[in-house]
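K.L.:
Turn these sequences into a full structure, and let the hints guide you.
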Amino acid sequence: MVSNGRMLCSSLITAPPSSSLSRTTPSYFCSFPSRRIIFTPRIGSSPAPAQAQAQPKEAKLWGGRFEEGVTDVVERFTESISFDKKLYKQDITGSRAHASMLAHQGLISEIDRDSILQGLDEIERRIENGEFNWRADREDVHMNIEAALTDLIGEPAKKLHTARSRNDQVLTDFRLWCRDAIDKILLSMKQLQVSLITLALNNQGLIVPGYTHLQRAQPVLLQHLLLAYVEEIERDAGRLVDCRARMNFCPLGACALAGTGLPIDRFMTSEALGFTAPLRNSIDAVSDRDFVLEFLSANAITAVHLSRLGEEWVLWASEEFGFITPSDSVSTGSSIMPQKKNPDPMELVRGKSARVIGDLVTLLTLCKGLPHAYNRDLQEDKEPVFDSVKTILGMLEVSAEFALKITFNWERIQKALPAGHLDATTLADYLVNKGVPFRTSHDIAGKSVALCTSKNCQLLDLSLDELRSINPVFEEDVYEFLGVENAIKKFVSYGSTGSACVASQLDYWLRKLEMK
Amino acid sequence: MGSIGTVCSSFITAPPSSSSLSRTTPSFCCAFPSRRIIIKPRMGPYPAQAQPKEAKLWGGRFEEGVTDVVERFTESISFDKQLYKQDIMGSRAHATMLAHQGLITVSDRDSILQGLDEIERRIENGEFNWRADREDVHMNIEAALTDLIGEPAKKLHTARSRNDQVLTDFRLWCRDAIDKILVSMKQLQVSLITLALNNEGLIVPGYTHLQRAQPVLLQHLLLAYVEEIERDAGRLVDCRARMNFCPLGACALAGTGLPIDRFMTSEALGFTAPLRNSIDAVSDRDFVLEFLSANAITAVHLSRLGEEWVLWASEEFGFITPSDSVSTGSSIMPQKKNPDPMELVRGKSARVIGDLVTLLTLCKGLPHAYNRDLQEDKEPVFDSVKTILGMLEVSAEFALKITFNRERIQKALPAGHLDATTLADYLVNKGVPFRTSHDIAGKSVALCTLKNCQLLDLSLDELRSINPVFEEDVYEFLGVENAIKKFVSYGSTGSACVASQLDYWLKKLEMK
Numbered sequence: 001m002v003s004n005g006r007m008l009c010s011s012l013i014t015a016p017p018s019s020s021l022s023r024t025t026p027s028y029f030c031s032f033p034s035r036r037i038i039f040t041p042r043i044g045s046s047p048a049p050a051q052a053q054a055q056p057k058e059a060k061l062w063g064g065r066f067e068e069g070v071t072d073v074v075e076r077f078t079e080s081i082s083f084d085k086k087l088y089k090q091d092i093t094g095s096r097a098h099a100s101m102l103a104h105q106g107l108i109s110e111i112d113r114d115s116i117l118q119g120l121d122e123i124e125r126r127i128e129n130g131e132f133n134w135r136a137d138r139e140d141v142h143m144n145i146e147a148a149l150t151d152l153i154g155e156p157a158k159k160l161h162t163a164r165s166r167n168d169q170v171l172t173d174f175r176l177w178c179r180d181a182i183d184k185i186l187l188s189m190k191q192l193q194v195s196l197i198t199l200a201l202n203n204q205g206l207i208v209p210g211y212t213h214l215q216r217a218q219p220v221l222l223q224h225l226l227l228a229y230v231e232e233i234e235r236d237a238g239r240l241v242d243c244r245a246r247m248n249f250c251p252l253g254a255c256a257l258a259g260t261g262l263p264i265d266r267f268m269t270s271e272a273l274g275f276t277a278p279l280r281n282s283i284d285a286v287s288d289r290d291f292v293l294e295f296l297s298a299n300a301i302t303a304v305h306l307s308r309l310g311e312e313w314v315l316w317a318s319e320e321f322g323f324i325t326p327s328d329s330v331s332t333g334s335s336i337m338p339q340k341k342n343p344d345p346m347e348l349v350r351g352k353s354a355r356v357i358g359d360l361v362t363l364l365t366l367c368k369g370l371p372h373a374y375n376r377d378l379q380e381d382k383e384p385v386f387d388s389v390k391t392i393l394g395m396l397e398v399s400a401e402f403a404l405k406i407t408f409n410w411e412r413i414q415k416a417l418p419a420g421h422l423d424a425t426t427l428a429d430y431l432v433n434k435g436v437p438f439r440t441s442h443d444i445a446g447k448s449v450a451l452c453t454s455k456n457c458q459l460l461d462l463s464l465d466e467l468r469s470i471n472p473v474f475e476e477d478v479y480e481f482l483g484v485e486n487a488i489k490k491f492v493s494y495g496s497t498g499s500a501c502v503a504s505q506l507d508y509w510l511r512k513l514e515m516k
Numbered sequence: 001m002g003s004i005g006t007v008c009s010s011f012i013t014a015p016p017s018s019s020s021l022s023r024t025t026p027s028f029c030c031a032f033p034s035r036r037i038i039i040k041p042r043m044g045p046y047p048a049q050a051q052p053k054e055a056k057l058w059g060g061r062f063e064e065g066v067t068d069v070v071e072r073f074t075e076s077i078s079f080d081k082q083l084y085k086q087d088i089m090g091s092r093a094h095a096t097m098l099a100h101q102g103l104i105t106v107s108d109r110d111s112i113l114q115g116l117d118e119i120e121r122r123i124e125n126g127e128f129n130w131r132a133d134r135e136d137v138h139m140n141i142e143a144a145l146t147d148l149i150g151e152p153a154k155k156l157h158t159a160r161s162r163n164d165q166v167l168t169d170f171r172l173w174c175r176d177a178i179d180k181i182l183v184s185m186k187q188l189q190v191s192l193i194t195l196a197l198n199n200e201g202l203i204v205p206g207y208t209h210l211q212r213a214q215p216v217l218l219q220h221l222l223l224a225y226v227e228e229i230e231r232d233a234g235r236l237v238d239c240r241a242r243m244n245f246c247p248l249g250a251c252a253l254a255g256t257g258l259p260i261d262r263f264m265t266s267e268a269l270g271f272t273a274p275l276r277n278s279i280d281a282v283s284d285r286d287f288v289l290e291f292l293s294a295n296a297i298t299a300v301h302l303s304r305l306g307e308e309w310v311l312w313a314s315e316e317f318g319f320i321t322p323s324d325s326v327s328t329g330s331s332i333m334p335q336k337k338n339p340d341p342m343e344l345v346r347g348k349s350a351r352v353i354g355d356l357v358t359l360l361t362l363c364k365g366l367p368h369a370y371n372r373d374l375q376e377d378k379e380p381v382f383d384s385v386k387t388i389l390g391m392l393e394v395s396a397e398f399a400l401k402i403t404f405n406r407e408r409i410q411k412a413l414p415a416g417h418l419d420a421t422t423l424a425d426y427l428v429n430k431g432v433p434f435r436t437s438h439d440i441a442g443k444s445v446a447l448c449t450l451k452n453c454q455l456l457d458l459s460l461d462e463l464r465s466i467n468p469v470f471e472e473d474v475y476e477f478l479g480v481e482n483a484i485k486k487f488v489s490y491g492s493t494g495s496a497c498v499a500s501q502l503d504y505w506l507k508k509l510e511m512k
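Protein chains in written order, with full-length UniProt numbering: chain W, 1 to 516; chain V, 1 to 512.
Careful, some of the hints might be misleading.
Each computed SDA-like pair below joins lysine to any residue, with the alpha-carbon atoms no more than 25 Å apart [claimed, not checked]:
| hint | chain 1 | residue 1 | chain 2 | residue 2 |
| --- | --- | --- | --- | --- |
| 1 | W | Lys415 | V | Lys430 |
| 2 | W | Lys512 | V | Phe263 |
| 3 | V | Lys430 | W | Ile111 |
Note that these hints are calculated values from the structure, not bench results.
Since the structure is predicted, the reported quantities are computational estimates derived from the model, not experimental observations.
P.N.:
Here it is as structure tokens:
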């Protein structure tokens, strides 16, 4: 048996397998050949191969009909305990609610219920103290916990699975886990918004170039630019809030796929677990993964937002831009170039967004073409979700940290600001105010810039006569529109970068984020 | 020019057959080498080379025009002309607002509005000459307007950039698309309910691991899809509400110093309000990212409807017979009859997924405000919408063209011991711990397998040989018809529960 596993492994890896590798590698290699394989040390003692063979495998809890047990190869290939043990807390929470309901409905006695609840408490304590022995032959988190409960309290444990299948059990666990994860992410999002607002407050009045096509376009207040991100993160949070509301329905009691003939009360367990209501259709309840598809979609959109925050700040930290200086505590050096100081955290924020996108694609593709009810494929739904959540939380956290550790180089920015004729569009607006058709105004302003380029000067430096040589409409008041400080004052439309508008936006967010 | 042919030949196997190919291929080859290249005949005559190129509307500062290579590479008119209706609608609202604010005269406004009407008429009659040297839908329409009415057309772009213009068009287009998809979704729900009504009382096997599990009413199974589609619709409704804010007036990225009224244009175009931050307004594409995410989830739902119905149509299942009008044959096997539409529903879901990935990856790493990359945002959206509408439509059609083979289903139903779990429930009701009940029921099935019979066929003595708890009333739990009656939990497949679910949907879909 073991030799088969070893031969399979040796054809895929270059190093001989360690003991834990030989037990867990096949399912990873076979399922996700392109995914990086990370082995987490098993919690508790790791049994040696010889010991595993010496210890008799116990009968499967579903084994009554079968006359022989599964082979080691099948068992290693199909186990999920290596990753789904992360759901232990939710699994125990779900079992507590289920046992209480069974007793309430008279399906188990109160004595049995109490026995089960005490046993579950003990198991949770052991897991959290690192004393629990997770076993691959017990396949998954549900069977590991139930078998341990049986070892601990005996016969009453066998009643826990009444009117329950692992199909509705795992989805109850998973919905609870995702709900908790969303709450954590929402908190991190708010923290990033607060950091961005703090950064904005610390840089009041600073004007920076705004870009289109990554070329200088029009002047904007830095505060305005930072608030754009705050707006985006707010919509990201809104998507998660909507997702959470749609997700918050209880599958427990749908059993394998068709419900049950036992007199259970699904509304009771739903309420005990903080769900809005039970799901209405049992096939849908155990079958669909749209709640995690939606969750990972929302995370992928968030990741894309953060990736461009990353890109902008990397640019701003460059010598060519020179807008920001990150502190030493959020920068890294080079192993070969002693002078370098790199904004690595934001580069990774940008890069990791692709991973979150990949997790979503993995999950969407997994669900593709699967008919209703449970198919074993769905066991592979958890790793992309765990990865997506972990990555998003990291991206949000590091971005919030970075925002509080950067200094804007006011002097350098102000000195560089005149380049690029950022006031040209405001000049065109001046002409429109004088009655010139916009298309003609655009042409006149463009020619004014061309003149500046040939003279190597700013629009502000052109004399009235020089301007009039382009078009006679110019008057002395044109100078109130030239220069970036004047241009900024002219923006008045709702949502623009004028000082009053930005102050209004800032006030809105200070109130909303309870920073005032 | 010859060098372009060289570049093209490295991507395609045949030399370009027409001048239109040489003009449009590079941007497709370079941008999406793996995407199928479809060259559509250009509308109207093709006089571009003979006709002198006109000055760019943004050309005042530049001393020379762009080269042909750059122009061909950067044009977007070949696909963004699909936005013409929304572009004209946006321009009408904008011109009206400019006049109201005193930025253009009422007379100029009227000229513009009449000109836009004429242009729309020409486009819809196929008389409009779309020109690549005019780059995109916005410039084509504005230039045509200038040709038509002269000087007043030059005022239309006051306090507007193509950046806020295109996003106004795009949000309007997506809003319309969502409304179309919602109608198709409801139509599919109605078709599924109709199919359910026509098959009352039919019991089919329910499967887990694609192995027979427990009996379910067909109606219950079909209603599961109705529930899923309802959530798909909910996501689109939420997306539409979040999308329904107006970028117009954000201009290039920083707003404007001209006294415009953004609330007026927003209201005229049916938006909830203007977007609050001008950089965000012209920059973000999260509204289409969310839209395509919702479409991808819908596509995944439909892909499994496809899979199930393909299985059901198989000889091995034999549950349904599609009519000739929704089946296809084989070019080599004269006897075959294939449920191709549902196979394609299953397969096309990958395309919708790919469109989403394309768009997500496109937005990856782009800083704020406009970057030319974003021009590539439209094709995945157009493809996603077209595909989803097709999938919904064909699924609704297929649902109305299938017949369930009741006799064959009923004859096949006993296989697989679908009543075994209900037997275990019987034992629990007798006080046996569930885990033990499971074991006893499993052993009963093993005995049936040995004897090649059904659970219902076991005598009381045979059952008691496994465990003495069995009594005469066990036979009320055996057989699929009896098993179905026993499901009573909320959302289960019992007759009363399913009737209740069905009633809910008949009222909700106004079919009653």
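K.L.:
Now, for every hint given, state plainly whether the structure supports it.
P.N.:
Here is what the structure says about each hint:
Under the criterion of a C-alpha separation no larger than 25 Å, the hint pairing lysine 415(W) with lysine 430(V) is inconsistent with the structure, at around 87 Å. Taking the CA atoms of lysine 512(W) and phenylalanine 263(V), the gap is near 23 Å; set against the 25 Å cutoff, the hint holds. Simply put, lysine 430(V) and isoleucine 111(W) have alpha-carbon atoms about 18 Å apart, close enough for the 25 Å limit, and the pair holds.
Of the numbered hints given earlier, the model fails hint 1 alone.
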